[in-house]
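Undergrad: Which chain is which? The protein sequence lines are E and H, in order. Take 104 as the starting number for the first sequence in this note's numbering and just add one per residue. Take 5 as the starting number for the second sequence in this note's numbering and just add one per residue.
Treat the hints with care, as some may be off.
Some but not every residue of chain E turned toward chain H, in silico, with C-beta under 7 Å [to be verified]:
(1) Q142
(2) Y146
(3) A358
(4) P481
(5) T484
(6) Y489
Just so you know, these hints were derived from the structure itself, not from any lab. We treat Cβ as the ideally placed atom computed from N, Cα and C, and that holds for glycine.
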Amino acid sequence: MALVIIGVLKVYFVLTVIIMLIYTVRHIVFSYNRIFGRQRMYYGDIFDNELPFVSVLIPMHNEEQVLQNVLDSLLEINYAKDRYEIIPINDNSSDATAQMLDEYKKKYSIIRPIHRNSEERGKPASLNDGMQLAKGEIIVVFDADYRPSKDLLRQLALAFLDPEVGAVMGRVIPYNTNRNWLTRLLNLERSGGYQADQQARYNLKTIPQYGGTVGGFRKSIMLQTGGFNPRVLAEDTELTFRLYVNGWKVLYANAAECYEEVPETWEVRAQQVRRWSRGHNGVMFRYFLPVILSKQMTLREKLDGVLLLAVYAVPFIFALALIDSVALFFLGEMSVLAGWWVILFLGVYNCYGNFAPFYEIATALLVDGTEDEVLLLPLITFNFYYYLWNIGLGFLDAVSDLITRRNVEWEKTERFENNHGMKVEQY
Amino acid sequence: MQKKTQIYYSRSYRHLEPNSREQLVFLLMCVLPCLILFCTYYSELSFQLAVLVKMEISNFIQESFLGIGYGDFLPVFGGVYFIDIPSKTPSFHEVVINLAATLLLLSMCFFSTKIRKGGTPLSIYFAITLLIHLIACIYFMFAKEFYPYSATQYSELYMKQQVSIWLAFIVLAGLIIGVFGYASLTGKIAAFLGIMVYSFIFGCIRYLVFMLIISTVSIIYMATLFFTLGPLFDFIYLVCFYGIYINSQIKRFDRGEGRLKWHWL
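Given the sequences, and given the hints that come with them, work out the whole structure.
TA: This is the structure:
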């Protein structure tokens with residue numbers, strides 16, 4: 104019996120290393136493609152008078168601190184004023200959000216807020232209501248703390264002139280990077296995730312992910328397929344895979360920049376990644392088989408799709424492997440091969456800044472020309488344990504959701520009061 | 005119809021041209037020879053390291069209690085030498101103190117994690133370190149005679165891990181610098197050799213310190229030293245060196261002639 108247990112522990116150990124190696128190869132390919140490969144251009148060169156009508160939806164729950172930033176930015180945007188509308192969706196707010204939105208409505212006819220007092224709270228339910236009111240076929244979603252650049256709407260809308268495109272995602276850039284160490288590290292992660300990872304996936308025609316904000320999708324596709332599922336926390340990931348499984352594409356627009364407020368405390372960041380993990384893993388349980396069995400996806404999309412779906416399960420797998428290796432050590436079974444693998448999986452997975460390895464982040468910073476921030480990379484090493492814990496908990500939450508079929512309750516990310524007056528200079 | 009008078013290229017799509025020949029030359033003429041040399045001579049290296057460590061530890065422990073052992077490692081390339089040291093088994097008193105201190109520190113970590121929900125990177129790292137040490141304390145409290153490693157066995161295990169780290173680093177650092185390094189060939193060689201020299205010195209000093217702790221303080225710290233103060237710190241300095249190297253490249257490519265290297269389509 105003891106031999107069986109030790110055998111199982113060793114096999115699990117080796118399997119984990121194989122999984123780590125697969126992800127390492129994936130990220131090396133992405134990094135190499137981003138820095139040395141010919142980049143797949145977006146539709147930026149299209150100049151067309153007939154841009155589609157766009158409905159901008161902004162779900163809001165208690166956003167009095169930040170909502171004027173996103174609304175003011177959208178009012179200044181370079182898009183014909185008769186070709187877009189702004190629909191803020193006040194979702195059961197208890198602060199001054201409703202009053203502030205009504206003030207905007209009085210001043211600007213382009214702003215048409217919805218006030219929800221439904222028991223069914225959360226972003227998916229809000230978006231479903233927003234889509235019912237929206238005049239446009241193209242829906243662009245922003246979170247309330249985002250600040251779109253002047254050219255953003257045009258950049259996002261252009262993609263929908265391609266009939267294959269189901270959704271498009273822009274690039275998210277933190278604007279409160281200089282607050283503290285956490286915000287600076289999150290800036291590194293964002294750079295790696297967007298400038299390197301997303302762009303490489305776009306280049307290689309795998310699966311760039313729609314991120315739920317700073318992105319757009321076709322309303323008709325969502326309505327035909329039942330709208331957003333209020334039981335799903337990661338409605339963005341769910342949309343991505345829903346589109347691909349049904350033969351649509353998601354594009355990534357690297358030059359379509361939008362500015363966001365990243366968490367400024369570890370507590371808020373922990374809640375955020377745990378929620379992302381819970382939602383993403385929930386989508387993994389729903390879409391793992393449909394992705395593999397889909398007749399609409401290419402082999403490359405399926406391969407990357409499976410790896411992308413499992414990405415938030417990997418920290419949990421790795422945490423078990425860490426426990427596994429400790430068990431093997433105390434059982435006196437830490438042979439030379441097992442020792443070697445310890446180093447290998449620590450090496451390949453270490454310094455992962457939320458799935459962007461250090462060389463991928465460095466690639467992004469080189470392309471962006473961001474000096475000196477790359478010197479912070481060693482600090483991301485310890486973030487690895489932090490993500491192991493919080494993302495692992497999110498995975499367990501998702502498993503519990505699957506088993507108990509409980510309803511998810513939405514919690515939004517805390518905003519930071521001292522940023523609401525911060526200006527973002529655009530050139 | 006409006007005409008475009010200017011085509012707008014941003015940094016969004018810029019990229020470099022790979023110098024595949026130079027990458028290959030670096031990998032084949034620098035990394036591969038280092039790998040072959042290391043595989044050929046790691047036995048001798050481990051012997052010299054064991055002798056050096058024995059010399060240093062003999063300042064604390066009588067030399068007659070020390071020796072040099074040999075253990076099998078990679079099949080074709082031979083085994084490794086390691087220092088043969090006496091085990092300093094913790095007394096019951098020491099185990100109790102360790103256990104109490106670990107539990108106290110753990111409760112502080114969990115308390116701070118509860119206060120700051122989700123914890124912080126350092127608190128979680130310390131909690132994991134303490135949990136591993138807690139297991140060791142419980143082992144020595146209730147099953148001391150079943151503890152699987154003597155100091156000598158640990159010395160062998162650690163030497164094998166250290167040699168494995170050096171081997172892994174030659175490959176990792178070589179690949180990362182070779183593929184994702186953007187300097188000239190001499191710059192890449194300098195960065196690679198710098199990392200390896202530092203890794204070698206760091207590894208030797210760490211082996212000495214760890215063996216000193218195991219033989220003069222207590223073997224209760226074996227697991228903690230193995231798991232939490234081991235390869236993690238190797239990767240921290242690898243990333244440190246890489247960060248400094250890449251930062252110099254970022255500056256080079258954003259100033260002067262470096263800017264001409266970018267391709268915009």
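Undergrad: Now tell me, hint by hint, if it's right for this structure.
TA: Evaluated hints:
With 7 Å as the threshold, the beta carbon of Q142(E) comes within range of chain H, its nearest partner Cβ sitting at about 4 Å, so the hint holds. For Y146(E), the suggested interface contact is broken, since its CB lies about 12 Å from the closest CB of chain H, more than 7 Å. Hint on A358(E) holds. Least Cβ distance to chain H is approximately 4 Å, under the 7 Å limit. Because the smallest distance between the Cβ of P481(E) and any Cβ of chain H comes to about 5 Å, under 7 Å, the interface hint for this residue holds.
The closest approach between the C-beta of T484(E) and any C-beta of chain H is roughly 5 Å, which is under the 7 Å cut-off, so the hint is satisfied. Checking Y489(E) against chain H by beta carbon gives a least distance of about 4 Å; that is within 7 Å, so the hint holds.
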